[in-house]
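Student: Sequence:
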Amino acid sequence: MRLYEEPDVRIRINIKGICEKYKLTMGELSRRTDIEPSKISAYANDRRQRVQITHLERICQSLHIRDMNELFILEVLEDEQVDNKE
46 MRLYEEPDVR
56 IRINIKGICE
66 KYKLTMGELS
76 RRTDIEPSKI
86 SAYANDRRQR
96 VQITHLERIC
106 QSLHIRDMNE
116 LFILEVLEDE
126 QVDNKE
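Per the numbering used here, the sequence shown starts with residue 46, numbered consecutively.
Incorrect hints may have been included.
Here are the simulated lysine-lysine pairs, DSS-like style, with alpha carbons at most 30 Å apart [stated by the list, open to error]:
| hint | residue 1 | residue 2 |
| --- | --- | --- |
| 1 | K66 | K84 |
| 2 | K61 | K84 |
| 3 | K68 | K84 |
Source of the hints: derived by calculation from the structure; they are not laboratory data.
All values derive from a computational prediction rather than experimental measurement.
Model the full assembly from the supplied sequences, consistent with the hints where possible.
Tutor: Printed below as a string of structure tokens:
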């Protein structure tokens, strides 16, 4: 039995924020990282459940990202969002 309720969370890759910060289009990010444009778009639009570690490494290497917090967004879901997620 838990003493407290842990919030439900969702982790997303911050592709749109990264592109904005580095003044890149998703196509340019795709070319720099050699990741298919469709996968970059799927990450950006939260359509992928799994992420390849090599993709994260390529994004970090190509943009010299040293802080993983720049790469991810952690969202705490409200009760109705949790119901929709299931």
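Student: Given the proposed pairing of K61 with K84, does the C-alpha separation stay at or below 30 Å?
Tutor: Holds. K61 to K84 sits at ~13 Å (cutoff 30 Å).
Student: With the threshold set at 30 Å, check whether the alpha-carbon distance from K68 to K84 stays at or below it.
Tutor: With a Cα-Cα distance of about 19 Å, the restraint between K68 and K84 holds, given a limit of 30 Å.
Student: Take the C-alpha atoms of K66 and K84, compute the straight-line distance between them, and say whether it is at most 30 Å.
Tutor: holds, 20 Å
Checked against the numbered hints given earlier, this structure breaks none of them.
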